[in-house]
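Take each chain as given, in its own frame, and dock them per the hints.
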Amino acid sequence: MTTANIESATNSVGSPVRPVRKRPQTPRKTAATVAWIVGIVLLTAVVLYPLLWMISASFKPNAEFGSNQSLLPENPTFDNFVKVMEGVAGIPTWKFFWNSTILGIGAVIGTVISSSMAAYAFARLDFKGRPLFFAMMIGTLLLPFHVLIIPQYMIFRNLGMVDTFFPLLVGKFLATEAFFVFLMVQFIRNLPKELDEAARIDGCGHWRIFWSITLPLIKPALITSSIFAFIWSWNDFLGPLLYLNSPENYPLPLALRVFNDQSSASDYGATVAISVLALLPVMLFFVIFQRFLVDGVATQGLKG
Amino acid sequence: MFNKFSRRAGSGVAVTVAAALMLTACGGNGGGEAGGTPDPNEEVTLNFTWWGNEDRAERYNEAIALFEEENPNIDVNGTFMDFPAYWEKRQTEAAGGGLPDVMQFDYSYLRQYGQNGLLLDLNDYVGNGLTTDTIDDTLLATGKLEDQTLGVPTGYNAWSLFENPALIEQAGVEGYEGGTSWEEYEEYMASVSDASDEVFGGTDYTGRIQNFELQLRQEGRELFTEDGQLNFTQEELAEFWSSTADLRENETVIPARTLEELLPKSGFGSNLTASEMTWSNFMGGYLGDTGAEDLNIVAPPTNDPSVKDLYQKPSMLHAVSAGTEHPEAAVAFVEFLINSPEVGKIFGASLGVPASETALEGAALEGPELEVKEYLDSVADRIGEPPAAPVVGYGALENTFLTLGTSIGLGSISPEDAAQQFFDEAAVTLAG
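Residue numbers (my numbering), protein chains in the order written: chain E, 1 to 304; chain D, 1 to 432.
Honestly, the hints are just simulated from the structure, not real lab data.
Computed, partial: chain D to chain E, Cβ under 8 Å: (1) Glu58; (2) Thr79; (3) Asp82; (4) Ala85; (5) Lys265.
Here are some chain D residues pointing at chain E (derived, C-beta under 8 Å): (6) Asn61; (7) Asn77; (8) Phe80; (9) Met81; (10) Lys89; (11) Ala95; (12) Gly97; (13) Gly98.
We put the CB at the ideal spot given by N, CA and C, even for glycine.
Here chain D stands alone, though its shape is the one from the complex (with noise of 0.2 Å):
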């Protein structure tokens, strides 16, 4: 009674904590005189922290024995968690001032740490420890704040469109070739909806930020300005949300309703749309999901096919803490899990198609796994400079898109109301 809080309140207010204190003080010291290869003789013991199912938890430990068996000296203790509470952790750690050594990071979240100072520049040990030419330019920039660089990418995705070839063959309809207009899109998901009763085209896709920022991007814009503020007006937004108005009368899409009731499973996980558009890294899940044998990945839809509008996303960095006590032994972990053909061969294509050279080449993709690393290939000529690493509260945001989206579909707010909210929210978000 007394003792039960909730937990999401419980996070809120660390969380709010956490910033506070860093705001005000941490700015862990850099590992002092930068460079170099780890001291064979000394005794290390470095702290290394990941998200994730039991099956990386698995991949990780092989990759932890690998390189213990390499370093005798380096001793490295793995610990795991799933994607929330493995956050929430983290800023009462940078608060309290134990951050681990060595972070599995996401993109979302680099900016956040970064200006706060609580991540090793590991451009003093790039060509001297760490090896980043294995990497490509546009895609390493990722990882880089201003000019120091915070983080290397494991991997990479981008966003892409799922199809389901058992159920466009139940609906006795062709699928879609992906990389054409819109409205041929739409047709094709009106095209299964019709002639299925079950079955539906696809989800409502303005529900999610990054297709709009597709949409965007198609213009040759960016969802946020260089300072961090939004970048496209409360009209454009309600008119992005009315654009699908017909396709969720029509029932072309899957309902919303329908879509509450199968959480936290995706209407395309449980075989009911025949397509979605998503990032490429989910082909494992979706597998999983709907245990099918095969899943089709082709481009997101565009109205230019000639404009840069998809990006490389990184699915996750490598970072090292500032305070770490042994910076060299951690960058030597680091260029381990990134480079190193034996990882690569231990996780494939499990933390997105990986990023360095190297690591690919002992990954032997096969598989699903090499179907999409060929879907990342086919878009090469649509792939452009990704946008600036995500504004703190970027996770925030995309969640109130998220559930405006949801709600628009269940009917209960006009897409003019939801624009509305959503940049009040914005305001907050991005003043504070």
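Just chain E, with the same shape it has in the complex (with noise of 0.2 Å):
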């Protein structure tokens, strides 16, 4: 019940021993490959020069914003760096950090919670208007969101929530991110029914089979949300703009701002350096969540 059924079961899922024939590799092969490998290479090259840009520039002195083209900085200096974490007016650089982690936990928290279970409904649920309802929700996918800011703000200003975080995560709280939404409908309905069959026999209720049999099946719709969800959250600078009034609370994208002032003197160095430091967490999100996401698409290959 132990190593052996491990060795088996790895086996079984791994390719079946077969005697491999060595093709000796002809040079033209080889050359190609070369050449393939060159092109990629200069490709990402190419992709990666802006990240690479920002993160030299960001020890250049401010002077040399301007005067000095090439990619490597002439004196490099930690100055930029240092003055970044001095703050912003009394404000300590973690405070946006802190703001912006805040709002993109919750956008996270939200949309898995309240897509998934709306997407169960619209899945699985047999309700008078299902088609009409889910038409709708679709619908929103094609309303600009400019068309909504100006009532959205003044809904939120009667309710007296600006200056808070509420108008930020309130939304993502009632499904109202319709891509989601719809992004897990359609994983669930390739789920088999059968599944939801056989937990019902067993004596589940909607709950119970949403909760043990359809959430973990869509382990890789959650995660795929939760990365575009935190993503979009973290770079978000429209809504912030809006909502937020007190400088305490600004999440990174508006502290990121008030370094490079077109009309007093901006700062470049220290815009760039704490760029470079906004980018790292989501960078980190990304490369922990993605192993997930590439976890999850192959369990749902098993499953036939």
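Structure below.
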């Protein structure tokens, strides 16, 4: 029940052992591979250049912006980072990171809970007017965000929620992101209904089916949604701009702009330095969760 | 993917929607019966907002702390953003009815907000809570629209010509003395560009609408007619743009391509041009950008020094929202920001050379700021009446002018076609 089992399982998953005939590599093929790899590396370099430039520029003193066009700083310095960590107008920089983190995590929790429940309802419950509601939900995808800005602002203002995180998070807990709901609906529809039926025979209600059957099986969709919800929230500029007034509540994208004001002296070095710092958590988040994403897709393949 | 919208497009739509809403509704009611000082026993919270960098934020925080100390019953909540985002947010608030009580305001937006009744008329408070005797009348008039006083200027600046003495010395030529003919200025630019391989004499000045305005004012004209239409012909504009064709060809002025590569810094800020015409309040920014110890500021060229072609531009104004619940307290705060010598001391000339005499005294300017003040005094004879508050959409036109100027510099459009395009766009902007 232990080692032998696992081994046999691994064997059955892995390809059956078969004699591999060694083919001699033709020179033509080697040349093609080299060209292929060189091409890919070049392409990667082009794609990564802005990122590289940014990281390197964050070590340039402010005076070098504009005069030194090369990738590397002439007089590398840590001053930009020191300046950034001092904070803005008496507000420490970690506070902006903290605000962004709260908003990001709030967005992930809200999206995962509310969207999965809405998706389950659309995919598995039979209620009156379901096609109509589904069409309306998809319809919100077609509605430009900008049309909603002012009415939404008025609602939240009248509710006295301006300058709090509520306007930025409430929607996330109410499954207003139709994209995520749609993604999960499609995922749930692909799950065999027999699993649900088996659970029902065992006496499960909708809640239990949702919790014990559906949720574990849509893990890849949940993770995809989490990644997008986090990144969108982390990068969101317009929402926080409209709803947050006190500098203590600013998330990073707003704080970033304060270093770069065109109407007075701009501190380009500090702007780039805080941009680099602001990127790190998103990259970290992606690296961590991408593993689960791949994991999830692999699991799904087994289900058939 | 689905959630990603271009922020610029977003703001465009927001602006349109906001404008539409403002036209149909929202004529905020003035602050009731006018005048007076705030009730010292009433607990009041004021929202105050400005644009600017962290240095300005620190100064404002200092000023707010001082004001709260003097008025223990008033609590001021300060908030700030950079310039473009600042106006995006104001547009939404204007339409949604949530403008802050006191706002740092820009000259070019005054008409748009004032016409829609979003700003409090301060006339009722003048001499009764708000002192304006301390401010020069022509400058004070820049905050007025028809008969209403909608904003009070914090400080002023004027069009000017900056020179970088280090680069001039390096080129081994004489600096431009200022205030002489356009030909002499062009000769000076050529002398620098010829003497040096890397440094240019200046920037193609036809790229900026202010220089066109300057030349028009030298002929006794303005950019706009009284009813807000263009006050020049398409041919005149094309001629203006063509006038520096030789300078561009001989690379007497810095090539537009190089300038594009330098953005967001200017050629002058990057130590590549020895002179540039811009507003006098750029001193601080240019000192920072160039890293130079000293910059000279002189009068822009003119063919007739007796004409009053320059004017005092309010660097920014303070305005009160028409919908404020505490007009007396808001006015008291504006009064403090404009006239208090302590505030003058905190800001120096960073909001423009202080408009109010009392603030100017407190500021005790020195170094580069004093140099700017001395420049402004030296051109006093050339300073005339300011033009009427900019038309709605002036900012967009200014930008179009700049973009077309750059395209001409890059050689992608002829001055004639550019003038045609400018008039087409102006027709749309000014009709709306």
